[in-house]
Amino acid sequence: MTTTPRPRRYWFAPLIAAGLAGAFALGSWYGGHRVRTLNEWADAQLLSTAIDSVRANAIDSLGSDELIRRAVSGMLRELQDPYAALLRPEGFQRYRGTMLGEGQGMGLTLRRESDAAGVVRVAPGSPAFTAGVRAGDRIVMVDAVAVGETWTKKPGDSTRTYGDSSVLTLWRAPFGDTLRLTVRHSAWHMPAVTEHGLLADSVGYVRLSTFTSHASDELEEAVESLLQRGATSLVLDLRGNTGGLFEEGVKSAGLFLPRGLVVASLAGRGGAAPQPHSSRNSRWPSLPLAVLVDGNTASSAEVMAAALRDYDRALLVGTTTYGKGVVQRVVTLSKDLSVRLTTARWLTPKGISLDRRTGNGALATGGLHPDVLLDDAARRDGFAVPREWEPLAAAQVMRTADSLAMFALREGWSTTSLALLEARLRTTLAQLAPRSARDPLARTEWVTVSTRLALVRVLEVERESEALLRYAVREDAALRAGIDVVAPGTEVARVLPATLPVAISRKGLIQSLPLSRP
Amino acid sequence: MMGYRAALLLGAIVCAATSAQAQAVSALDAWLVSRFRGTQLLTDSMPATASAAAESPLPRIEGTRAGRSADTLYAIHFGTRLGTPALAVNAVVQLTGPTGTITPLTARVIARRAFRAPRRPGAPSGADAAWRYGWSYQAVMPRRAKGNSNANGSVVNALPVARYRGWLLLAAPDAKPARALLGR
Numbered sequence: 002m003t004t005t006p007r008p009r010r011y012w013f014a015p016l017i018a019a020g021l022a023g024a025f026a027l028g029s030w031y032g033g034h035r036v037r038t039l040n041e042w043a044d045a046q047l048l049s050t051a052i053d054s055v056r057a058n059a060i061d062s063l064g065s066d067e068l069i070r071r072a073v074s075g076m077l078r079e080l081q082d083p084y085a086a087l088l089r090p091e092g093f094q095r096y097r098g099t100m101l102g103e104g105q106g107m108g109l110t111l112r113r114e115s116d117a118a119g120v121v122r123v124a125p126g127s128p129a130f131t132a133g134v135r136a137g138d139r140i141v142m143v144d145a146v147a148v149g150e151t152w153t154k155k156p157g158d159s160t161r162t163y164g165d166s167s168v169l170t171l172w173r174a175p176f177g178d179t180l181r182l183t184v185r186h187s188a189w190h191m192p193a194v195t196e197h198g199l200l201a202d203s204v205g206y207v208r209l210s211t212f213t214s215h216a217s218d219e220l221e222e223a224v225e226s227l228l229q230r231g232a233t234s235l236v237l238d239l240r241g242n243t244g245g246l247f248e249e250g251v252k253s254a255g256l257f258l259p260r261g262l263v264v265a266s267l268a269g270r271g272g273a274a275p276q277p278h279s280s281r282n283s284r285w286p287s288l289p290l291a292v293l294v295d296g297n298t299a300s301s302a303e304v305m306a307a308a309l310r311d312y313d314r315a316l317l318v319g320t321t322t323y324g325k326g327v328v329q330r331v332v333t334l335s336k337d338l339s340v341r342l343t344t345a346r347w348l349t350p351k352g353i354s355l356d357r358r359t360g361n362g363a364l365a366t367g368g369l370h371p372d373v374l375l376d377d378a379a380r381r382d383g384f385a386v387p388r389e390w391e392p393l394a395a396a397q398v399m400r401t402a403d404s405l406a407m408f409a410l411r412e413g414w415s416t417t418s419l420a421l422l423e424a425r426l427r428t429t430l431a432q433l434a435p436r437s438a439r440d441p442l443a444r445t446e447w448v449t450v451s452t453r454l455a456l457v458r459v460l461e462v463e464r465e466s467e468a469l470l471r472y473a474v475r476e477d478a479a480l481r482a483g484i485d486v487v488a489p490g491t492e493v494a495r496v497l498p499a500t501l502p503v504a505i506s507r508k509g510l511i512q513s514l515p516l517s518r519p
Numbered sequence: 399m400m401g402y403r404a405a406l407l408l409g410a411i412v413c414a415a416t417s418a419q420a421q422a423v424s425a426l427d428a429w430l431v432s433r434f435r436g437t438q439l440l441t442d443s444m445p446a447t448a449s450a451a452a453e454s455p456l457p458r459i460e461g462t463r464a465g466r467s468a469d470t471l472y473a474i475h476f477g478t479r480l481g482t483p484a485l486a487v488n489a490v491v492q493l494t495g496p497t498g499t500i501t502p503l504t505a506r507v508i509a510r511r512a513f514r515a516p517r518r519p520g521a522p523s524g525a526d527a528a529w530r531y532g533w534s535y536q537a538v539m540p541r542r543a544k545g546n547s548n549a550n551g552s553v554v555n556a557l558p559v560a561r562y563r564g565w566l567l568l569a570a571p572d573a574k575p576a577r578a579l580l581g582r
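Residue numbers (my numbering), protein chains in the order written: chain A, 2 to 519; chain B, 399 to 582.
Derived by calculation from the structure, the hints in this document are not laboratory data.
Bear in mind that the values here come from a model prediction, so they are computed numbers and not experimental data.
One or more hints might be untrue.
[To be verified] On the chain B side, residues computed to face chain A include the following (Cβ under 10 angstroms):
id: 1; residue: Val423
id: 2; residue: Arg433
id: 3; residue: Asn488
id: 4; residue: Gln492
id: 5; residue: Thr494
id: 6; residue: Ile500
id: 7; residue: Pro516
id: 8; residue: Arg517
id: 9; residue: Arg518
id: 10; residue: Arg541
id: 11; residue: Pro558
id: 12; residue: Arg561
[Claimed, not checked] Some chain B residues close to chain A (C-beta under 7 angstroms, calculated; not the full set):
id: 13; residue: Trp429
id: 14; residue: Arg435
id: 15; residue: Thr478
id: 16; residue: Thr482
[Stated by the list, open to error] Derived coverage of chain A by chain B (criterion: at least 3 residues anywhere in the stretch with Cβ under 8 angstroms from a Cβ of chain B; other residues may be distant):
id: 17; region: 58-72
id: 18; region: 312-320
All C-beta atoms in this analysis are idealised placements derived from N, C-alpha and C, irrespective of residue type, glycine included.
Given the sequences, and given the hints that come with them, work out the whole structure.
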């Protein structure tokens, strides 16, 4: 047996070299870091000295806390970040509540009426819903104060009051019952899907108003229920949806895309590679789809719309979207203070940023340009009177229409066929047109408006929300255009064209009655 | 029917290729192209004088332009295939309110155009199901004379033309519909 001499151990040389290099690098980093830390400390000291100086010398100084808050506010303002803000506890809670979908107020959508507030919609799950308030009710008093006295011109939920509860005095149609309901002020979840139904036998409609937490779950549930009822296509309404949680936008878009596709990417600071966010829960990757957008469609709503368009899944119908291509994050500074900062830019699947950079109105750049461009994509209030009408004329037509609607409800006029009900209301209202509407066109216009008002009122009181939705198609250009995309030629609310019957004058009426003859 | 549609499609290709160079772009074509991205204009091979509304929904006014002496209305109706047009060129139409009330207002159709618009982005030309077919009409309506008052007491001609968006165009039974239609 022979042995060979052992080789000399040089393997540790590279280790020593690596160790030395590492130590040098660490030393350099530490040195640089120390210099930076010293600089930042000097800057902080400068800020502190400035605050002390102001507090000690300024003729009208503020408290130390307030000075610091205002210093931070000024710093954020100088960032030129329109979304940056210093959040105090109440502001933070409000922001958090908005993102989570925590409802405020009673959950009522109201309409101004003479001496009352008409209830247009009651949010499901809201305190008003729990208390038993219905669409079509009229709120006459809140906590024994007449609504007419406190009613402001601001639309929306004007019944926000303080205290644990409010007592609403209601007038309920059609028999005019007076009710007193106690509405408790408690936390509730505001639904992200505010409207859904079948526009025609095969066309579903979902209105997604915000991207709060669970918005994608609510959307999934609403679409699922429509498909079970026979819908084979969908009109998704993102008008007025100003966004919310970025992740919810990604999840919602993913429902209509094949699994694994990049919905959007987040590009942070420092030129790092954009971070992709992909669809995970694919449900209906081939369902025919049209998406309604307008100038208030922003942020997460644009994330969803852009992804559906980039993958050729849906046509966008409406007007150019807002163009909010950035994402914010809230950083907590202390128990009482947080700052909201723009921390990333989001990119569409094609790598485009939609952020509006310059200009306003028609000159604004950014946003999504729709495939079907409309002159006006706004939603219309079915109970609105033309703006040019004077308040007196508007009040008169509303009174007459409401009066006839109550009569129709008490008499049990059928609401099964909207076209027939409409024709019946129209014929009756043609005889009720005021003397001021003598011109044929004026009379026609008065009858057209009053017929719409009466029909909307009947449907509201009967709680025919789907029929109301179908009727809204008449006044809503975007909804019509959306239906034309997914189901061309579908007539949602059939019209029976007819000329107005001859107006019977009082003189003629008296002469035609046998009792009035001598 | 298939042959008819094939002929229309062929016409569309020829039309799209030559019309822009050979003749000035009409206002109706410009409106269509600006409204529907990726729209294809088709040739109108239907009789210009006939008005067959049997299988078409009533054209609805979707675009309006105010003018000095006359206002312009753009109306469309769609189908899954190219049906018959609802209105003839030069026809007099009555404006019908969204609730179906026929008004004494009349307009004259000065142009019409068959077209198809995509139902999803990037619709392939050969896939019929990815397209919808429609007819569009351009009608002009003279401004009404002053002096007539509406329900509000103001003059009728103050009505903004945009108000007619969503209204329907109904072929008038004769060239000059009587104002007595309203039974005034």
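Quick rundown of the hints versus the structure:
no.	hint	in the structure
1	Val423	violated (17 angstroms)
2	Arg433	holds (6 angstroms)
3	Asn488	violated (21 angstroms)
4	Gln492	holds (9 angstroms)
5	Thr494	holds (5 angstroms)
6	Ile500	holds (5 angstroms)
7	Pro516	holds (7 angstroms)
8	Arg517	holds (6 angstroms)
9	Arg518	holds (6 angstroms)
10	Arg541	violated (13 angstroms)
11	Pro558	holds (8 angstroms)
12	Arg561	holds (7 angstroms)
13	Trp429	violated (10 angstroms)
14	Arg435	holds (4 angstroms)
15	Thr478	holds (5 angstroms)
16	Thr482	violated (12 angstroms)
17	58-72	violated (count 0)
18	312-320	holds (count 4)
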